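> Line order of the protein sequences matches chains U and D. Just so you know, we're using this note's numbering here: the first sequence kicks off at 1 and counts up by one. Just so you know, we're using this note's numbering here: the second sequence kicks off at 1001 and counts up by one.
Check each hint, because a few of them may be wrong.
Said to hold, decoys possible - Rough simulated footprint, nothing fancy, chain D against chain U, three-plus residues with beta-carbon under 8 Å:
| hint | region |
| --- | --- |
| 1 | 5-13 |
| 2 | 19-32 |
| 3 | 45-52 |
| 4 | 55-67 |
Unchecked claim - Under 10 Å between C-beta atoms, here's a sample of chain D residues computed to sit facing chain U:
| hint | residue |
| --- | --- |
| 5 | Thr1014 |
| 6 | Ser1024 |
| 7 | Val1046 |
| 8 | Asp1049 |
| 9 | Arg1056 |
| 10 | Cys1070 |
| 11 | Phe1072 |
What the hints assert, rightly or not - Below, simulated DSS-like cross-link-like pairs (lysine-lysine); rule was C-alpha separation at most 25 Å, straight line:
| hint | chain 1 | residue 1 | chain 2 | residue 2 |
| --- | --- | --- | --- | --- |
| 12 | D | Lys1088 | U | Lys107 |
| 13 | D | Lys1088 | U | Lys40 |
| 14 | D | Lys1064 | U | Lys93 |
The set of hints was computed from the structure by calculation and includes no laboratory data. Treat the numbers as computed from the prediction; the structure is a model and nothing was measured. Ideal placement from N, C-alpha and C gives every residue a C-beta, glycine not left out.
In case you want the letters, here they are:
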Amino acid sequence: MNAEELYETMRKVQEPKGYYFNRDRERVFELLEALLLNKKRYGYPGCPCRLLCGDREKDRDIICPCVYSVADIAEYGSCYCNLYVSREWNEGKIPRVYVPERRPPEKMTF
Amino acid sequence: MTEPDPKPAAGEKTTPPVKIYSLSTCSHCKATKKLLGECTVQYEFVDVDLLEGEERRAIIEDVKKFNPRCSFPTVIIGDKVIVGYKEKEIKEALGLE
């Protein structure tokens, strides 16, 4: 699968849930390429903005879209990476703040 | 011990040493490197995801000393630690704002 195909596949799954790709296509495709690279490296599409440990089970919570993205998009309008965002975030109706790491430190086993 | 750098000429601006602990895949890390490049600031960086074995373990311990959550980028500017791509804080620490 290439980045364009991944984009279309994920868009169809995520948009009905109210999660949109960031309108910054350059940023989005950079992240999608990184996800494909992580899949090739580790066997799973782990979050490009976090250090992966290489063990799929231990990194299950940060396989994209990560489990923290729901709470992050609800609170900040964006996931940790600025890959998935809300419609309001894309339209500039809410302030774009840096999304802090929500993953609990005890989960970081690298 | 190495000799300290000669003092800058009057009016010449210097920036403190800058080091970035980053991931090769991370968009915030890329944005941080780009910002420093645009500000013509020299910096060192290490992409932690590309390290292996003992070197990786040692660098992770270093990152945790500055940022116990070990998130990326962790930016060290002089004696300041900035976690994440925070343009304003980075520029302030560099004395550019």
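> Can you verify the interface hint for Asp1049 of chain D: is its Cβ closer than 10 Å to any Cβ in chain U?
Hint on Asp1049 of chain D: holds, closest Cβ of chain U at ~6 Å, below 10 Å.
> Taking the closest Cβ pair, is Thr1014 of chain D under 10 Å from chain U?
28 Å, violated
> Under a C-beta cut-off of less than 8 Å, do 3 or more residues of the region 45-52 of chain U approach chain D closely enough to confirm the stated coverage?
Answer holds; 5 residues pass the 8 Å Cβ test.
> Below or equal to 25 Å on CA atoms is what counts here, so check Lys1088 of chain D against Lys40 of chain U.
36 Å, violated
> Verify the interface restraint on Cys1070 of chain D: the C-beta must sit less than 10 Å from at least one C-beta of chain U.
Constraint on Cys1070 of chain D satisfied, holds at 6 Å.
> Min Cβ distance, Ser1024 of chain D to chain U: is it shorter than 10 Å?
Holds, about 8 Å.
> Do the numbers back the hint for Val1046 of chain D, that is, is its least Cβ distance to chain U under 10 Å?
Given a least distance of 12 Å, the restraint on Val1046 of chain D is violated.
> Taking a Cβ-Cβ distance under 8 Å as contact, does the region 55-67 of chain U have three or more residues in contact with chain D?
violated (count 0)
> Between the region 19-32 of chain U and chain D, see if three or more residues pass the 8 Å beta-carbon test, and mark the coverage as holds or violated.
holds (count 3)
> Just to make sure I understand the rule, a stretch counts as covered if three or more of its residues have a C-beta closer than 8 Å to a C-beta of the chain. Does the region 5-13 of chain U meet that for chain D?
violated (count 0)
> Given a cut of 10 Å on the nearest C-beta pair, is the interface hint for Phe1072 of chain D held or broken against chain U?
7 Å, holds
> Take the shortest C-beta to C-beta distance between Arg1056 of chain D and chain U; is it under 10 Å?
8 Å, holds
Hint violations for this structure: numbers 1, 4, 5, 7, 12, 13 and 14, all remaining hints satisfied.
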